[in-house]
Amino acid sequence: MRALLRRDLRLALRTGGGAGLGLAFFLIVVMLIPFGIGPDTALLARVAPGVLWVAALLACLLSLDRLFQADAEDGSLDILALSPLPLEGVVLIKALAHWLTTGLPLVLAAPVLAIALNLPESGYLWLIASLAAGTPALSALGAFAASLTVGLRRGGLLLSLLVLPLYIPTLIFGARCASLAANGNDALPAFLILAGLSLGTLAVTPFAAAAALRSQLR
Amino acid sequence: MSFWEFANPARFMRLSGRVLPWVAGATILCLSAGLVWGFFLTPDAAQFGSTVKIIYIHVPSAFLAINIYFMMFVTSLIWLIRRHHVSALAAKAAAPIGAAMTLVALITGALWGQPMWGTWWVWDPRLTSFLIMFVFYLGYLALWAAIEEPDKAADLTSILALVGSLFAVLSRYAVNFWNQGLHQGASLSMDREENVSDIFWQPLVLSIIGFFALFILLLLIGTRTEIRSRRLRALQMQEAV
Amino acid sequence: MWPDLGKYTDTILGAYGAAIVVLAALIIVYLRRNARIRRALAAAEARKAAR
Chain F
1 MRALLRRDLR
11 LALRTGGGAG
21 LGLAFFLIVV
31 MLIPFGIGPD
41 TALLARVAPG
51 VLWVAALLAC
61 LLSLDRLFQA
71 DAEDGSLDIL
81 ALSPLPLEGV
91 VLIKALAHWL
101 TTGLPLVLAA
111 PVLAIALNLP
121 ESGYLWLIAS
131 LAAGTPALSA
141 LGAFAASLTV
151 GLRRGGLLLS
161 LLVLPLYIPT
171 LIFGARCASL
181 AANGNDALPA
191 FLILAGLSLG
201 TLAVTPFAAA
211 AALRSQLR
Chain V
1001 MSFWEFANPA
1011 RFMRLSGRVL
1021 PWVAGATILC
1031 LSAGLVWGFF
1041 LTPDAAQFGS
1051 TVKIIYIHVP
1061 SAFLAINIYF
1071 MMFVTSLIWL
1081 IRRHHVSALA
1091 AKAAAPIGAA
1101 MTLVALITGA
1111 LWGQPMWGTW
1121 WVWDPRLTSF
1131 LIMFVFYLGY
1141 LALWAAIEEP
1151 DKAADLTSIL
1161 ALVGSLFAVL
1171 SRYAVNFWNQ
1181 GLHQGASLSM
1191 DREENVSDIF
1201 WQPLVLSIIG
1211 FFALFILLLL
1221 IGTRTEIRSR
1231 RLRALQMQEA
1241 V
Chain U
2001 MWPDLGKYTD
2011 TILGAYGAAI
2021 VVLAALIIVY
2031 LRRNARIRRA
2041 LAAAEARKAA
2051 R
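Residue numbers (my numbering), protein chains in the order written: chain F, 1 to 218; chain V, 1001 to 1241; chain U, 2001 to 2051.
Honestly, I wouldn't trust all of these hints.
Unchecked claim - In the EDC-like style, the derived pairs of lysine to aspartate or glutamate whose C-alpha atoms are separated by at most 20 angstroms in a straight line are:
1) V:Lys1152 - F:Glu121
2) V:Lys1152 - F:Asp186
3) U:Lys2048 - V:Glu1239
4) U:Lys2007 - V:Asp1044
Said to hold, decoys possible - Computed far set for chain V versus chain F, every beta-carbon distance over 12 angstroms:
5) Ile1028
6) Pro1043
7) Ile1221
Since the hints were derived computationally from the structure, they do not count as laboratory data. Just so we're clear, the structure is a prediction, and the values are computed from it rather than from any experiment. Idealized CB from N, CA, C, for every residue including glycine.
Given only the sequences and the hints, what does the whole structure look like? Please build it.
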């Protein structure tokens, strides 16, 4: 299992600029916001938690369509399906690799970018916490959507259409947690719901994704 | 004769063919009666004025939008467990109907809210949930369209329907949390229990029955088309050999 | 017989109109697809019978 993880991490980091691409995208999107809504610092501070969450969510999408693609193309997916490792485990490992190379860097970069949007002091800790709790769910759901669109031309577009509605609950609670903290309110309840949601997602999606992959390989 | 007898495509075609004219008749009858009664023969409501007339379209379409999604959940599950093709094809045929009903619910819901709230769109929990459901429908339809192999398409869209249903329910609660307290009491949903007056209730029930009949009618037509389409594909593959 | 819709005339007629358009389009699409596939299937069956 660890070998698979290492292999996937190496692959993810090597192809498509690895962690850098997601981060660069994150930076650019956050940078566009003031151009779009004006440089009024009070307004930016108000929208900062939500904007950072949406930007992180979109940055996660970037490397998703390649998640199973390379393995499907060269036949390694068939081999993985036949290995003693359950397919659900394979999905979880791939989602973990995605999170380590995309989600985690976003979590670390977010507070830095939050400075550009004038996020109030009280918001930083919970911003990091909410992203840390929520991004694994984004990777897991992304893996599920990727399992549905393996091998399709323009699969990336369809993948986005499929996965973004699934992101909505995580986004709502994650952004809410960060905003409540930024406004000085108690963010713990929202955080707990977010954490529960993420755990539930991590529990359910590997089974759905594995079922989809089995159908793909038939 | 158990319910599973309908799973046989040939039997389904025979039965649905016999039932079809009756369903069509019921649709035309109930739909026109309900809407005509509601539109022309009912008074204005105290709270909503004449806009109450929109409920004869909004409530049935919203009711069906949700129930069709639930039906797709059930038929998808049946496909995954028992591999009855009629089930998978019924889900495929139901989806555009559900999407259309959701669209109608959204448009009528927004228009109904406009006089009360002064804007063409509000992020009311109910409307927002329907918007999310509409996007779910679109994704489901897009996936069916994207995959060539029929059985694989049935598998993947069924899994999507299951996961989608779960997240649709989750989204409903999340959206309530997201927008809580804003429009409580003035929510667009007229719960059937709140509807005290028979004057509105009776034509509404008739409209709901009419919409439901329309759904069954289009579902039968659509499923029959899909079954024929599957047979056509099989013949075309034989010819290509 | 036509009810007085008052200031809400546009909204109500708009709602009914939009609903009728969407549902009519749905029905038409279903009926046309049904007819098209029926024709194609009959042609394919005929070709098969002829072979």
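Taking the hints in turn, this is what the structure says about them:
no.	hint	result
1	V:Lys1152 - F:Glu121	51 angstroms, violated
2	V:Lys1152 - F:Asp186	47 angstroms, violated
3	U:Lys2048 - V:Glu1239	8 angstroms, holds
4	U:Lys2007 - V:Asp1044	12 angstroms, holds
5	Ile1028	35 angstroms, holds
6	Pro1043	40 angstroms, holds
7	Ile1221	27 angstroms, holds
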